[in-house]
Amino acid sequence: MSDKPREYCGIYGIYNHPEAALHTYYGLHSLQHRGQESAGIVTSYYDDDKERFSMPAYKDFGLVLNVFDDSKVFKKVLKGKNAIGHNRYSTSGSSKNPANIQPFRVHYRNGNLAIGHNGNLSNARQIRERFRKEGVLFQSTSDTELILHLISHSLYEDQMDQIMDALRQIEGAYCLVILTDDKLIAVRDPNGFRPLALGKVDGSFCVASETCAFDINNAEYIRDVKPGEVVVIDKEAEETGEPRSFFIPPTKGTGTSQCIFEYVYFSRPDSMIFGEMVDKIRRNLGKELAKEHPLTEIVKENKTGKKPVVISVPDSSNTAALGYASESQKLGHECKYDIGLIRNHYVGRTFISPGQKSRVQKVRTKFNPVRGVIEDRIVIIVDDSIVRGTTSRYLVDMIRECNPAEVHFLVSSPPIISPCYYGMDFPSPDELMANKFDRDIDEMAKEIGVDSLRYLSPDGLVSAVKDANPSGDDYCTACFTGNYPVPVNFGVAKEENELL
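To convert, note that position 283 of the sequence shown is 286 in our numbering; the numbers rise steadily by one, no gaps.
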């Protein structure tokens, strides 16, 4: 069981490119961190032999490179110049159902339609119940299928009117790529919870969850898809050089609520999301952490004769640790940044029976401390977040084996106290370490075995993000504060949307 929250999905789409499926493959490969459970690509083209449009799909469980391990797929199956792709991670209850692997596709009265979705619909239960009463049968347990039903059951005749009709009925967090016989449509919810960007490569428009998916394809980043925007990419967009845009009205009383945890942990540091580089934001979080918790407050007395060493828990906290060390030095506090933990990126199964021994072995398989960096030094560990605390405890145990003088733990975000209903997989509230110990920092420090534990404050988090990205947009901080910007049904289990 992972001690980090997981993002549900990554999406990619491209229009009118001769190697559409291959570009989508590489885009998904760059977005692998957003979903490791399954991957899929759908393309569209006009079949001259059958004299109709066709929409082939290829998808399966596994990592992108394992699902698409046969190059023949791109020439013999995934034909066409338009494509969408999807990486998925889900809750465990639905992860074994192949029907849940996206993109989904359907043939209805207006032709073929495929969809890939990143996020969670907060009103999925009500929509599902409505369709059940009408006798609608579901092929999957995913809330994404509901969007297809809303489109196909719309009373409007025009396809774009049907799509807009469906989008006005859904609530929550969603970024969508929709493929029709002749269009690629990108959608971002009115609150802008998840990132979605528009790019261009070889004259063809493309969209992706993060800009790192553009970089691998040598595509140019144009701009972010705006909150509530529906971007329509078709022949007209090619001719004019500008896609058409429609807008979905926000839920009454709500505004922009971009997920701040995308900056803290989820997105790749080499991506630009919400208009700013993730690396810059994380570095700023480390600097703010150094201001809130200066080294002199942490290290009361240094008898080692050596500078305290600041280390990260690779890879997501690397730049925050760098920011903390550089700002500490700027403030006149002696320390050095070093690589104290090595991460093995090729982690497979542990082949040990479930239990504590298995969890410890999984951490040892993934990380190994560098004794020469740690021994006889005061060690400052910087991590981006703590969820359950189990991985943190095992890491500290491993570091203690290298005989450091002291071990202190700093977190470049506030304590996580609430689950996410907008597209992230957090544990239930009672599993979160901060709630287990009623947010008693000293007790939490004892739990993970460190001399002291310190978190960045909620105000410090928002301040550091807005200082680095002064766009004026607001952020969702519900996992840290319990303040949900869009109403959610707390009486329903978070996984209810994915249960039949």
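Source of the hints: derived by calculation from the structure; they are not laboratory data. On a predicted model such as this, the values are computed, not experimentally measured, just so you know. Careful: at least some of the hints might be erroneous.
Claimed, not checked - Computed beta-carbon distance windows for the label pairs:
#1 Tyr111 x Lys84: 35 to 45 Å
#2 Glu132 x Lys360: 22 to 32 Å
#3 Glu54 x Asp318: 27 to 37 Å
Claimed, not checked - Straight-line distance between alpha carbons at most 27 Å, and here's what the computed BS3-like set of lysine-lysine pairs gives:
#4 Lys360 x Lys339
#5 Lys294 x Lys339
#6 Lys294 x Lys449
#7 Lys294 x Lys283
#8 Lys53 x Lys82
#9 Lys294 x Lys333
#10 Lys84 x Lys255
#11 Lys203 x Lys229
#12 Lys82 x Lys238
#13 Lys339 x Lys310
#14 Lys53 x Lys78
#15 Lys449 x Lys339
#16 Lys333 x Lys283
#17 Lys255 x Lys229
#18 Lys203 x Lys238
#19 Lys7 x Lys255
#20 Lys306 x Lys449
#21 Lys303 x Lys333
#22 Lys99 x Lys369
#23 Lys79 x Lys203
#24 Lys439 x Lys449
#25 Lys79 x Lys53
Glycine is no exception: its CB is placed at the ideal position from the N, C-alpha and C atoms.
Evaluated hints:
Separated by about 23 Å at the C-beta atoms, Tyr111 and Lys84 break the suggested range of 35 to 45 Å. A hinted range of 22 to 32 Å for the beta carbons of Glu132 and Lys360 is inconsistent with their spacing of about 44 Å. For the pair Glu54 and Asp318, the beta carbons lie near 51 Å from each other, so the given range of 27 to 37 Å is not met. Distance hint between Lys360 and Lys339 is unfulfilled; the C-alpha atoms sit about 34 Å from each other, more than 27 Å.
At roughly 17 Å between alpha-carbon atoms, Lys294 and Lys339 fall within 27 Å of each other, so this suggested pair holds. Restraint check for Lys294 and Lys449: the C-alpha separation of about 24 Å stays at or below 27 Å, so the hint holds. Straight-line distance between C-alpha atoms of Lys294 and Lys283 comes to about 17 Å, which keeps the hinted pair within the 27 Å bound. For the hint pairing Lys53 with Lys82, the CA-to-CA distance comes to about 14 Å; that is within 27 Å, so the pair holds.
Taken as a hint, the Lys294 and Lys333 pair is honoured in the structure, with Cα atoms around 11 Å apart against an allowance of 27 Å. Of the pairs offered as hints, the one joining Lys84 and Lys255 is violated, with about 39 Å between alpha carbons and a cut-off of 27 Å exceeded. Restraint check for Lys203 and Lys229: satisfied, since their Cα atoms lie roughly 17 Å apart, inside the 27 Å limit. Pair hint Lys82 plus Lys238 holds up; C-alpha atoms about 19 Å apart against a cutoff of 27 Å.
At most 27 Å may separate the alpha-carbon atoms for a hinted pair to count; Lys339 and Lys310 meet this at roughly 7 Å. Simply put, Lys53 and Lys78 have alpha-carbon atoms about 18 Å apart, close enough for the 27 Å limit, and the pair holds. About 26 Å separates the Cα atoms of Lys449 and Lys339, which keeps this hinted pair within 27 Å; it holds. With a CA separation close to 17 Å, the supplied pair Lys333 and Lys283 stays within the 27 Å bound.
Of the pairs offered as hints, the one joining Lys255 and Lys229 holds, with about 18 Å between alpha carbons and a cut-off of 27 Å not exceeded. About 15 Å separates the Cα atoms of Lys203 and Lys238, which keeps this hinted pair within 27 Å; it holds. A C-alpha spacing of about 33 Å is found between Lys7 and Lys255, which places the hinted pair above 27 Å, so the restraint is violated. In summary, the hint linking Lys306 to Lys449 is supported, as the alpha carbons are separated by about 23 Å, within the 27 Å threshold.
A C-alpha spacing of about 19 Å is found between Lys303 and Lys333, which places the hinted pair at or below 27 Å, so the restraint holds. Between the alpha carbons of Lys99 and Lys369 the distance comes to roughly 25 Å, so the proposed pair stays at or under 27 Å and holds. A threshold of 27 Å between alpha carbons decides the hint, and for Lys79 with Lys203 the separation of about 26 Å falls inside it, so the pair holds. Distance hint between Lys439 and Lys449 is fulfilled; the C-alpha atoms sit about 13 Å from each other, no more than 27 Å.
Proposed proximity of Lys79 and Lys53 is supported: the alpha carbons are some 16 Å apart, at most 27 Å.
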